[in-house]
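Student: The lines below spell out each chain.
2 protein chains.
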Amino acid sequence: MKKGQFITFEGPEGSGKTTHIRLLALFLKKQGHSVVVTREPGGTPLAHAFRRLLLDTGDGLLPLAELFLYEADRAQHVLQTILPALKKGRTVLCDRYTDSTLAYQGSGRGLNAKEIETLNRIASMNLKPNLTILLDVPVERGLKQARRKKNKHDRLERAGLAFHQRVRQGFLRLAKKEHKRFRVVQQQDTIEQTQRMIRESLGIR
Amino acid sequence: MKKGQFITFEGPEGSGKTTHIRLLALFLKKQGHSVVVTREPGGTPLAHAFRRLLLDTGDGLLPLAELFLYEADRAQHVLQTILPALKKGRTVLCDRYTDSTLAYQGSGRGLNAKEIETLNRIASMNLKPNLTILLDVPVERGLKQARRKKNKHDRLERAGLAFHQRVRQGFLRLAKKEHKRFRVVQQQDTIEQTQRMIRESLGIR
Chain A
221 MKKGQFITFE GPEGSGKTTH IRLLALFLKK QGHSVVVTRE PGGTPLAHAF RRLLLDTGDG
281 LLPLAELFLY EADRAQHVLQ TILPALKKGR TVLCDRYTDS TLAYQGSGRG LNAKEIETLN
341 RIASMNLKPN LTILLDVPVE RGLKQARRKK NKHDRLERAG LAFHQRVRQG FLRLAKKEHK
401 RFRVVQQQDT IEQTQRMIRE SLGIR
Chain B
221 MKKGQFITFE GPEGSGKTTH IRLLALFLKK QGHSVVVTRE PGGTPLAHAF RRLLLDTGDG
281 LLPLAELFLY EADRAQHVLQ TILPALKKGR TVLCDRYTDS TLAYQGSGRG LNAKEIETLN
341 RIASMNLKPN LTILLDVPVE RGLKQARRKK NKHDRLERAG LAFHQRVRQG FLRLAKKEHK
401 RFRVVQQQDT IEQTQRMIRE SLGIR
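Which chain is which? The protein sequence lines are A and B, in order. Those letters in the first sequence? Residues 221 to 425, per the working numbering, in order. Those letters in the second sequence? Residues 221 to 425, per the working numbering, in order.
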C-alpha cells in the first residue's frame, strides 16, 4: 500500500473501528509506514473539551448545534493534526470523518444533506480521504458490543434502535455512491478474520 | 416602535452595547413591549459551556474552528431562545449576531466572507434581524472602556489594535452595504446622549 495516504474508518457503533485501526497501524508500521492514528471528535489537544461537550451534554444539545460542533472539531483537527502529518509523508488512519457527519447528522438526525456537505467541505478545507473503510455490522450486534465496552452510555448510544438503523443505511448508501473511495468490510466472527479482510481490501497481506 | 421585532446590537469592544440594551429594554417595557434581552455567544443555558470554551481557550483555537463554534452557539440560540420569543410576539434585543461573525471572523481574522455568509445562513435558519443598531466607537477609546470593566482580558481583547481596527471597519462596511437594516449610532460623551440617539434612530423618544 502506498505510504502517506489519508485513510478513514467509518461505521456504526460497535463496528470495531478502534480495535481495527490499532491492529492495522501496527501492521503498517512493520511495513515501514510512519503512522498517525487519530479520531473525530477529539483528535487534537483542544478537542478534548469539544468531545466532552459533544458527548456529555445530554439532550439539551440541538441537532443543528451539534452539527456545527462536529465541524468545529473537524476544522481544528484537519489543520492541526491531519494536514501536518500528510505533509510529512505520514500515513494517517482516522476514526470517523466527514461520512460520519452525513450518516449521523443527516440520515440519523434528519438534517439537510446538502447543507452538511457544504459544512463538511468548508471545515475540512476540501481534504478528502484517499480511502475509506466502512466497517459494517448489524445494528443490534454492534450496539451490544459497544455496550460491553463502556459502563456509561453516552448520548449517541441512548438514541435508539431506529436512529442507528438509519445511520447504518446512510453509511451503506454513501459507500455505494462513492464506490471508488469506499471499501465495505462486513464484521466477521473473529477480530482476526475481520482484520484480514480489511488488509485484503487495501491490497496488503 | 412596532412590537415583536428582532433587533440586534453590533459594534466593537467597549461600544457600550450591554449598557444600552439594558436601558432600551427598560424603556420598551414601559411602552408595553414584552422584551427578551439575549446575547451571542451565550444566550442559552447550554451556551454557557460554549462561551467558556470560546473565550477561555487561549490561542490554541484556530480561526476556522472558532467560526464553527460561534455558529454552533448561534444555531442553539436561534432555535431555543430567539424564534420561540418572536413567535410569542416578544421584542428581542440581541447583543451580537451574524454581523459580528462577519466583522470578527471575516474582516478581523481574514476568513472567507462568502463562506461565513453561508454558515451564518445555515446556523440562523435564515433568520435576519428587522433592525440592527451599530454602536460605533473609535477603537482605542472602546478598548480603554472594555478594559475598565473587566479585570481579566479575554482572548478577543488581547488580539491587538490592528485586529480591532479591521473589525470596526468591517462593521461600517456592512452598515453601508445593508443601510436599510442598519442604524449607525456614534458613541457620545455620556450614556444618556448615546441612548437618546439610539431611541431617535428607532423613531421612539
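No wet-lab data here; the hints were simulated from the structure. Source: prediction; values computed, not measured. Any given hint could turn out to be false.
One copy or two, either will do: identical chains are not told apart, so a pair holds if it fits within one copy or between any two.
[Claimed, not checked] When the alpha-carbon atoms are kept at most 30 Å apart in a straight line, the in silico BS3-like pairs for lysine-lysine are as follows:
#1 Lys-334 - Lys-249
#2 Lys-308 - Lys-369
#3 Lys-397 - Lys-369
#4 Lys-397 - Lys-250
#5 Lys-364 - Lys-308
#6 Lys-307 - Lys-364
#7 Lys-397 - Lys-334
#8 Lys-223 - Lys-334
#9 Lys-334 - Lys-348
#10 Lys-364 - Lys-334
#11 Lys-400 - Lys-222
#12 Lys-364 - Lys-223
#13 Lys-222 - Lys-369
Student: Are the hints correct? Go through all of them and say.
Tutor: Here is how each hint holds up against the structure:
Taking the shortest Cα distances, Lys-334 and Lys-249 never come within 30 Å of each other, neither inside one copy (38 Å) nor across copies (42 Å). For the identical chains of this complex, Lys-308 and Lys-369 are neighbours neither inside a copy (34 Å) nor across copies (46 Å), given an alpha-carbon limit of 30 Å. Taking the closest pair of Cα atoms, Lys-397 and Lys-369 never come within 30 Å of each other, the shortest separation being 32 Å inside a single copy and 56 Å across copies. Taking CA atoms no more than 30 Å apart as the test, Lys-397 paired with Lys-250 passes in neither setting, with 33 Å inside one copy and 60 Å between copies.
In this assembly of identical chains, Lys-364 and Lys-308 lie within 30 Å of each other by CA distance neither inside one copy nor across copies; the values are 39 Å within and 45 Å between. In this assembly of identical chains, the alpha carbons of Lys-307 and Lys-364 never lie at most 30 Å apart, being 39 Å within a copy and 43 Å across copies at closest. Taking CA atoms no more than 30 Å apart as the test, Lys-397 paired with Lys-334 passes in both settings, with 15 Å inside one copy and 28 Å between copies. In this homomeric assembly, Lys-223 and Lys-334 never come within 30 Å of each other (Cα to Cα): the closest approach is 32 Å inside a single copy and 36 Å across copies.
Taking CA atoms no more than 30 Å apart as the test, Lys-334 paired with Lys-348 passes in both settings, with 17 Å inside one copy and 21 Å between copies. In this assembly of identical chains, the alpha carbons of Lys-364 and Lys-334 never lie at most 30 Å apart, being 32 Å within a copy and 45 Å across copies at closest. For the homomeric pair Lys-400 and Lys-222, the shortest alpha-carbon distance inside one copy (16 Å) is at most 30 Å, but the shortest distance between copies (57 Å) is not. In this assembly of identical chains, the alpha carbons of Lys-364 and Lys-223 never lie at most 30 Å apart, being 35 Å within a copy and 54 Å across copies at closest.
Taking the closest pair of Cα atoms, Lys-222 and Lys-369 never come within 30 Å of each other, the shortest separation being 33 Å inside a single copy and 57 Å across copies.
Violated hints, in rising order: 1, 2, 3, 4, 5, 6, 8, 10, 12 and 13; the structure is consistent with all others.
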